[in-house]
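Trainee: Protein chains in written order, with our numbering: chain D, 1 to 297; chain S, 298 to 673.
FYI, nobody ran anything at the bench for these hints, they're computed from the structure. Because the structure is a prediction, the values reported are computed rather than measured. One or more hints might be untrue.
Facing chain S, a subset of chain D residues (Cβ under 10 Å, in silico) [what the hints assert, rightly or not]:
1. R90
2. L96
3. L97
4. G154
5. L157
6. Q217
7. P219
8. F226
9. A269
10. S270
11. V279
Residues from chain S that face chain D, not an exhaustive set, calculated with beta carbons under 8 Å [unchecked claim]:
12. V364
13. E396
14. G426
15. T431
16. G445
17. R455
18. V456
19. I563
20. E592
21. A596
22. L603
23. G607
24. V608
25. L610
Glycine included, each C-beta is placed from N, C-alpha and C at the ideal position.
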Amino acid sequence: MDQFLQALINGVALGGMYAILVLGFSVIWGVMGVINFAHGEFVMLGAYMAWLANNQLGVDPFLSAPFIFVLMMGIGYLLQLLLVNRVIDRPHLVSLLVMFGVSIIMANGLKLIFSADFRRADSSLRGAYDLTDNITLPVTKTAVFFIALAVLGGLSLFLQSTRLGKSIRAAAQNREAAQIVGININKVYAITFALCIGITGLAGALISPILSIAPFQGPPLTLRAFAVTAMAGLGSVKGALGGAIVLGLIEATVAVYVSGIGTNLAIIASFVILVVALVVRPQGLFGGLRPVDATAS
Amino acid sequence: MNLISFLNSPAAKKLGWALCGLAVAGMAILPMTHFGSNAELFTLTLMLTSIGVAINWNITGGFTGYVDFGHAVWFGLGAYVTSMLMAISIKLDPVTLEETVEADGLGTAWGPVPAIIVGALFTGLCAAGIGRATMRLKGPYFSIAMLGTLVAVREIVRVAEPITGGGVGLNLPPYINRPLFYYIHLVLVVVLGVFTWWLRKSQFGTNLIAIREDEIGAEMRGINTIATKVAAFSFSGFSTAVFGGLWAYQNTSVDPDIAFIETRTIDAVLGTLFGGIGTVLGPILGSAGLFWLKEVLWARFTESHLIFQGVLLILLVMYMPKGIAGLFDTRGTSLATIWSKWMPSKDESPDASPTPKSGSGKPVVDTVATSNEGAV
Numbered sequence: 001m002d003q004f005l006q007a008l009i010n011g012v013a014l015g016g017m018y019a020i021l022v023l024g025f026s027v028i029w030g031v032m033g034v035i036n037f038a039h040g041e042f043v044m045l046g047a048y049m050a051w052l053a054n055n056q057l058g059v060d061p062f063l064s065a066p067f068i069f070v071l072m073m074g075i076g077y078l079l080q081l082l083l084v085n086r087v088i089d090r091p092h093l094v095s096l097l098v099m100f101g102v103s104i105i106m107a108n109g110l111k112l113i114f115s116a117d118f119r120r121a122d123s124s125l126r127g128a129y130d131l132t133d134n135i136t137l138p139v140t141k142t143a144v145f146f147i148a149l150a151v152l153g154g155l156s157l158f159l160q161s162t163r164l165g166k167s168i169r170a171a172a173q174n175r176e177a178a179q180i181v182g183i184n185i186n187k188v189y190a191i192t193f194a195l196c197i198g199i200t201g202l203a204g205a206l207i208s209p210i211l212s213i214a215p216f217q218g219p220p221l222t223l224r225a226f227a228v229t230a231m232a233g234l235g236s237v238k239g240a241l242g243g244a245i246v247l248g249l250i251e252a253t254v255a256v257y258v259s260g261i262g263t264n265l266a267i268i269a270s271f272v273i274l275v276v277a278l279v280v281r282p283q284g285l286f287g288g289l290r291p292v293d294a295t296a297s
Numbered sequence: 298m299n300l301i302s303f304l305n306s307p308a309a310k311k312l313g314w315a316l317c318g319l320a321v322a323g324m325a326i327l328p329m330t331h332f333g334s335n336a337e338l339f340t341l342t343l344m345l346t347s348i349g350v351a352i353n354w355n356i357t358g359g360f361t362g363y364v365d366f367g368h369a370v371w372f373g374l375g376a377y378v379t380s381m382l383m384a385i386s387i388k389l390d391p392v393t394l395e396e397t398v399e400a401d402g403l404g405t406a407w408g409p410v411p412a413i414i415v416g417a418l419f420t421g422l423c424a425a426g427i428g429r430a431t432m433r434l435k436g437p438y439f440s441i442a443m444l445g446t447l448v449a450v451r452e453i454v455r456v457a458e459p460i461t462g463g464g465v466g467l468n469l470p471p472y473i474n475r476p477l478f479y480y481i482h483l484v485l486v487v488v489l490g491v492f493t494w495w496l497r498k499s500q501f502g503t504n505l506i507a508i509r510e511d512e513i514g515a516e517m518r519g520i521n522t523i524a525t526k527v528a529a530f531s532f533s534g535f536s537t538a539v540f541g542g543l544w545a546y547q548n549t550s551v552d553p554d555i556a557f558i559e560t561r562t563i564d565a566v567l568g569t570l571f572g573g574i575g576t577v578l579g580p581i582l583g584s585a586g587l588f589w590l591k592e593v594l595w596a597r598f599t600e601s602h603l604i605f606q607g608v609l610l611i612l613l614v615m616y617m618p619k620g621i622a623g624l625f626d627t628r629g630t631s632l633a634t635i636w637s638k639w640m641p642s643k644d645e646s647p648d649a650s651p652t653p654k655s656g657s658g659k660p661v662v663d664t665v666a667t668s669n670e671g672a673v
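Construct the complete structure from the given sequences, taking the supplied hints into account.
Mentor: Right, dumping it as structure tokens:
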């Protein structure tokens, strides 16, 4: 029973972390139709920034996170202007391959700057809090969980009630019609991309005390983002949370009950979920910003 | 003007094939000249491997229109099954200093020929099984599901320590004979090249193209689309695994990270795009060109040469989507139709039915045609 409760707590905490990790990927895909293959690398970039601030200046990752958010928004805006905007009208494969190129450049650039060593930032929020004799609460992950809830809630509120948020949703649902009613589509895309890259960098900063950072740790994160998005529906904020918690619970259960090789099995689990979710329910489990059908040609 | 019309003429095509024949003849006599040192033959063998993998990738990615981002999984699986059947471990007795050779992996210690054949057949079966599930998916969903397959299989291999050696991997009986490996690879690549040329002309190949152009239409014409595309995928996996098995034997050791390295997929995709996706000669010329480009860059910029690869990918996709072959054949729309499978459903209303729209292909052809004119 204790073991089960522990798996449940770990799973939900892990799910909160995944929710903020996948949010940017899901919204970029949902609104712009761009599959951000470099998503994991953007997470790593944010995490490296937090590590650098922590290592050089001694700043806690939780404190540097807001600054990293702003910095990454700037990077996202520039990338949108220079690259993504040029391929946005082309089919998915073009933008995906372009982002694939960006991911190769970023991963190798990070390796060049930071070497291939594993890094981890230090945070004052660490360790485990004993709930009972046998059940502990991972402090860092719990903090990330609540920040993730706040970010998700904030984004949801932004999309639902502000004028800009409404134009983003309109652009996701029907681009032409959105343009007809006078929405500046390029501006909407630029803001969406900047915001999502900002959130992704923020997520990277938040996980820097939890996961080991290395230049080539991006692809497993991109894969998880894809699994959650496929499960949840494109651009769905609620779905990102739901899907991420499902993935977190599965990974935590596997890790608790299978000792030793649990973490390897967790990656296998996210792949199995991905394919099963796509094949069984190609339209996603939660309604998103845009309909998805993985089997329609 | 004259150059473009010449490049499009049948004479240019004949000239191209003649040059290919000349290149093969040159490569065949190379080991007998003083250029053919073992180190050079080894490099050329690796080039032939990357050409072989790209030709196989092109069968699914180019002809059938299913862009596979995890193709390296078949290479790694072939390498691993071959290694598991052949593996040995040499133990040194600390007292007597006597070396004992024990069978490792599956404990069979087979010879190379049956091991590579069984490895490739097993991989072909796996490709059929996985392809049956993942080829239900379209466009980006298929691509990412295959990337997931690569990552998952790599982890499965790492976990199955008793038979795969876990993260450390396996050792094979060392056998160094560079010219032999070189000739085997050369023959395999030539056979595979001729086979794809035949495939492109055959009824089966035409069925594959039909699936790429319009899968539902192909089904209505009576083509068993599932059997056809899964068969092509399975062959592609089988044939890639032959190269994987040979690579493992030549390398004398395997471990999960090097056998299932993502770079192998990137090379196949990039080489094929460079040469011209969906053409017979494209992957061969493109991979050979890319391989030498990488060698040059690697020698100059050891640390950063992969960054150039990323830049090259972006430039190719944006400004030269038909690759080298696009310079020769301006009529082709093969890429446009692969692109069109990926067309985002931006203009669909949320409750639109998933049935394909007949007009959706048209604007895609236009965009690609325009971008290609810029390249030529």
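Trainee: Next, verify each hint and record whether it holds.
Mentor: Here's how the hints hold up against the structure:
no.	hint	verdict
1	R90	holds (6 Å)
2	L96	holds (6 Å)
3	L97	holds (4 Å)
4	G154	violated (25 Å)
5	L157	violated (22 Å)
6	Q217	violated (12 Å)
7	P219	holds (7 Å)
8	F226	holds (5 Å)
9	A269	holds (9 Å)
10	S270	holds (8 Å)
11	V279	holds (6 Å)
12	V364	holds (6 Å)
13	E396	violated (32 Å)
14	G426	violated (12 Å)
15	T431	holds (6 Å)
16	G445	holds (4 Å)
17	R455	holds (6 Å)
18	V456	holds (5 Å)
19	I563	holds (7 Å)
20	E592	violated (17 Å)
21	A596	violated (17 Å)
22	L603	holds (4 Å)
23	G607	holds (3 Å)
24	V608	holds (7 Å)
25	L610	holds (4 Å)
Hint compliance for this structure: hints 4, 5, 6, 13, 14, 20 and 21 are broken, all remaining hints hold.
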